[in-house]
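Protein chains in written order, with this note's numbering: chain S, 88 to 284; chain G, 876 to 1415; chain X, 17 to 416.
By construction, these hints were calculated from the structure, which means they are not laboratory data.
Cβ atoms here follow ideal geometry from the backbone N, Cα and C, with glycine treated the same way.
Errors might be hidden in some of the hints.
Stated by the list, open to error - With the C-beta cut set under 7 Å, the calculated list includes, among others, these residues of chain G facing chain S:
1. Pro904
2. Asp939
3. Ala942
4. Met943
5. Val944
6. Pro947
7. Asp948
8. Ile954
9. Lys956
10. Thr961
11. Thr962
12. Tyr1386
Unchecked claim - Below, in silico cross-link-like pairs of lysine to aspartate or glutamate (EDC-like), each with a Cα-Cα straight-line distance of 16 Å or less:
13. S:Lys164 x X:Asp133
14. S:Lys262 x G:Glu1134
15. X:Lys131 x S:Asp161
16. G:Lys1164 x G:Glu1134
17. S:Lys171 x X:Glu375
18. X:Lys131 x X:Glu81
19. S:Lys171 x X:Asp133
20. G:Lys956 x S:Glu254
21. S:Lys171 x X:Glu135
22. X:Lys54 x X:Glu29
Chain residues, written in single-letter form:
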Amino acid sequence: MAVEQKIAEVIETSNSEFLAECYDLDSVPALGSMVRTKGKGCQIYGIVYTSATHSIEPGRRIAARGKAAASEADVFKANPQLAKLLCSDFKVLVVGHSPDKAIYQYLPPSPASIYSFVYACSPVEVKQFTQSLNFLNLIIESRSTVAPDEVIAAFLRYASLTHPAPEEFLVKAGKELAWTLSNDIRRLDSILKRLQP
Amino acid sequence: MTENEKANVRLGTVIYGSLTQGVHVKLDPARSVEDVTVGRYVAIQGEKKRFFGMITDISLEAVDPRAMVMPPDISDPFIAKVVCGTTTYGKLSVLPMLTISGIAGDTEGPQPAKTVPPHFAGVELASQSDVEMVFGKEDKQRFYVGTPLDMETRICLDMEELVKRSNGVFGKSGTGKTFLTRLLLIGMLQKSRTTSLIFDMHNEYGWEGTSEKDHKVKGLKQLFPGKVAVFSLDEKYDQRRKVKSDFVVKIGYDEIEPEDMQMLRSVLNLTDLAVQAVYELARHFGDDKWLQSALDLFDSGDKEFASNHDIAESTWKNLLRGLRMLQRFKFLVPHAPENTVTTILEYISHGKSVVLQFGGYDDIAAYVLVANLLTRRIYDRYREMVDIATSADTKKPDQLVITIEEAHRFLSPEISSQTIFGKIAREMRKYNVTMLVIDQRPSGIDEEVMSQLGTKITCLLDNEKDVDTVLTGVSGKSELKAVLSKLESKQQALIFGHALPMPVVVKVREYGSADSYKELGPTSSGEKAHKTDGLDDLWG
Amino acid sequence: MTLDITQVYSQIEAMAGDLKSHQSDYAQKLELALTTLKSIPPQQDRLKKKIEDARATWLVAGLEEDVSLHRAAAPCPDDFVVAASDGSHIDVDRHQSTRLFLLNIGLVELQYGSKPDAELSSLPTLYFGDEMQAIRSRDGRQALIEGPLLGIKREVEECRSLADRVCCNETNLPVVGLVDGSLIMWGLVGKHYDDFVIEQLLDDGLIKQFGRFYELNRKRKAAIASYISFPRSTDVINSLRLQLCPRDPVDCDNEFCKGKFEGRECDAVGGLLDRTLFSSILADGERSAVFSSRSSIIERYGVHQVCFFYLKLDEEVARVEVPLWVADNKELLDLVHAVIVGQCHKGFGYPVSLSEAHEQAVVTGADRQQFWDLVDRVMQEGSLAVQHSLKQRSKKRKWL
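Chain S with its partners taken away, still in its complex shape:
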């Protein structure tokens, strides 16, 4: 197995979610992708629900700089400080943890440790995690994200590819959603429409 590449570091943490800052600008993991980090005595699994690139200083507006530049890359070339003044980070909903071999699809007893490294989960890990889909309601009911449906759909689309029968997996996941959203057919419908690649 290749040496794991850490992609970010936890800089804000709570039981249900954490914020991680990327080491490289613009190298945020995709929406809905699964990441792993460490908590007190356990691995914590989460799903990226939003990511952003912004000024490292709150309140400092980023100005457009490319009017005279030939390409977007030139903007950075002409303003080398930008790379240092901007940062990319992403927020992650915690969906499960694993104190030992077993994976529990509910919140860990304590939040992810601050400054703990964040790794992108491998397809094998995603497949393993998605053997059960109990965690979906953690996302559905999350108030943190404005678009939980997009997050779910993006995650499931990705996760389905790690399973030998993606279609079957999506149907199973869809049914799980249908249980939870049985009183909100519109929402269910819209998520389901997003599930198909």
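Knowing the structure of chain S, use the given hints to seat chains G and X on it.
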């Protein structure tokens, strides 16, 4: 390995219900409503007990009623797949009928369900062992009649238990009543010490008969040559079929009694007055001479008797026409050389069952006359024997089962109280004689008689009245009604009553192929040898 | 009660009216100033001598180039480094129990060209104890660093950090070091600081840092410059006053002028600012002639004597100060000119490196509060008594 043999095929979860209405089961998302059928057995695992029940209805439900009005976009097959079983789901109505031992070591056996399983109890397709627990395994008393729907398990009837009461086989024409009856008779021969007297109107039981598929199936005589005797009313028929009957039945005029005429009233189209005239004749000439005398009077054109006894011309003519019809039956002779009743009883007392073939006389009049006449006498003799045995405290004669077809002719409400069959049905097993009644119009049978039938085996019935009649007095009637009306037109039967702990729909076991005969012959080795000989004769 | 804005309103109106009335007067003055400036070059040496000889009350600019010169920036090299520093401080708070101050120096190093790179950092230093908080003479005298002296100390530290950073730069590229404000230690001018204070802050402080740049320039192109946005200086206008003065040698203490503030010949250009003058002369990106500062303190600067030019950027005129050795070196001067123009374009009118350095250095009110809270907490944890003045306490809570 079929689905049913796998342990615990889960169907769903109990959501609500009652003992009287049955419990409702939400079908698991993974199960399609199309996978289940009405009539299938399910086991419900409660906390302390395991319930055994039957699916009586299947319905479609939605968690949110709005889903019905604004259904999700099911034109998308993916969404349709997802929504099925979740937002919308299938619901089963299950009638819990029995509790079967739920706790290890509980050997109580199946008991009628007196409560319902708790909320969210898991519902499974009944497994082979569940079904065996309920209906028992095939053994020396239990006869395998068929399999439950969609299952391979064998449903067995305790034949000794079955024959203790009168039973009925119903079903509209062409649904396999004869086929079933033949099976039951085989079962009795194989698994009980019962002897049978079969009034075989259409010559279907003794020798080979035709199955519905139009190929020949072996008769009782062929399967149990040593235990079955075929009596015939029609020698010519035997000759045509190239079989030799054990006994040719002749009935003397002197054996026909006025009561027999009363039974024939409707089939011979006799008026009440004509029947009264018969009694008049009998009083005058004696029970054994009245018919001969009457025929003589008709032959001689003597109307004196009639006028002397205030018998109207029209009545006399009515009676004349009726008696002339009887005269067409060649088995009626002025005086029979051997007493048929005695012969039959002799056979029966030797443990041989008797199939009385009507040969060419497949006339309802002949059938009613002969069946009634013989049964009454046999019953009287049997009663005598039983009474003697009871008082002397010796062994009672073996159970006798009399099989009659077109039972409504004998058991209609108007006459059932007067006929011997009504009597047998009502007096039940007191005298070790019971009936197997076969009919396609059970609504024509006296309700009281119906209620006395121990076990009813019914094929498809589509007349509402017939269905109601058959199910009178059964618990869960409305549920069973749904099941009954959904039976396939062939080879399926609903069995319920005394011999079974609960109603069961069976796919009747195969009968007619070479394989099937292996299991349908006699069970003891001696019999088997005998049987083989017989077969060689037959097929050689 | 807070500021009663309605009462202020009428006063603001009065002010606006007053300014308006002076407008035509102002235009007239500017016209004269321009004419005067243009009249100088043919006889510039005469003015130069007049300036040398003058006994003026004003700070007059020394003339180093043709005064009417305006020049566009030379092309900037492809690869170069800009370093900038800025600082802020938390001053000694008399109301706090502990006497201490904090300097926070923001440093930025930007590399342009084929291998763009950036380093941004801040360097906070806490000064505590007598050793760190005072300037001491060899004979035992000392001056506590606080208030204005702290500002001067900060200037020195900014420059020191900048020199440190630039000297560490491992490239061989031309480098320009930028600081905000003046290279002239105005804080020391006119105050009666003891000589040892001036010596340590200026001679052994600021000027020593200039020297490091000077040394560095022997190995690679290196310059130091300061950038003054929106300058209020009048050095050049004051030179025009001298030009206008009918007396030679000029002596402001003559019978006619003594004690007067207006009505003198030179007052015809009085009240104008240098930037106003150059705003009319310079085109976008152009610099003015180089002038030298003739402040009394400049005497101590030696080879690092401060020269300056004005630079027009969009609508603004800024003042750029460089040591003499930069001003005298055409290549260095062009480099400074070109780099600052480029920096200002990138920084929307203000050198981007300086603004980033400022961002690194800035200490907000919240930071300040947090700092003091932290000090208190740590002190308390160390079982050290914390005492606040009652005034401080009353500020913290608003009593009713």
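* **Interface hint status, Lys956 (chain G) versus chain S (Cβ within 7 Å)** => At 5 Å from the nearest chain S Cβ, Lys956 (chain G) passes the 7 Å test, so the hint holds.
* **Satisfaction of the Ile954 (chain G) interface hint, Cβ to chain S closer than 7 Å** => At about 5 Å, which falls below the 7 Å cut-off, the nearest Cβ of chain S leaves the hint on Ile954 (chain G) intact, so it holds.
* With 7 Å as the cut and Cβ atoms as the points, is Thr962 (chain G) at the interface with chain S? -> 5 Å, holds
* **Agreement of Lys956 (chain G) and Glu254 (chain S) with the hint, judged by alpha carbon distance not exceeding 16 Å** => Holds. Lys956 (chain G) to Glu254 (chain S) sits at ~11 Å (cutoff 16 Å).
* Under the criterion of a CB-CB separation shorter than 7 Å, is Pro947 (chain G) in contact with chain S as hinted? -> 4 Å, holds
* Restraint status (C-alpha distance of Lys1164 (chain G) to Glu1134 (chain G) at most 16 Å) -> 14 Å, holds
* Can the restraint linking Lys54 (chain X) and Glu29 (chain X) be considered satisfied, given a maximum Cα separation of 16 Å? -> 38 Å, violated
* Asked: Is the Cα-Cα distance between Lys131 (chain X) and Asp161 (chain S) 16 Å or less?
  -> 12 Å, holds
* Hint consistency between Lys164 (chain S) and Asp133 (chain X) [alpha-carbon to alpha-carbon, up to 16 Å] -> 8 Å, holds
* To do: With a cut-off of 16 Å on the C-alpha distance, tell me whether Lys262 (chain S) and Glu1134 (chain G) pass.
  => 73 Å, violated
* Asked: Does Val944 (chain G) pass the interface check with chain S, least Cβ-Cβ distance below 7 Å?
  -> Cβ of Val944 (chain G) sits 10 Å from chain S, so the hint is violated.
* Regarding the hint that Tyr1386 (chain G) lies at the interface with chain S, is the smallest CB-CB distance below 7 Å? -> 43 Å, violated
In the structure shown, a violation is registered for the earlier hints numbered 4, 5, 12, 14, 18, 22, in ascending order.
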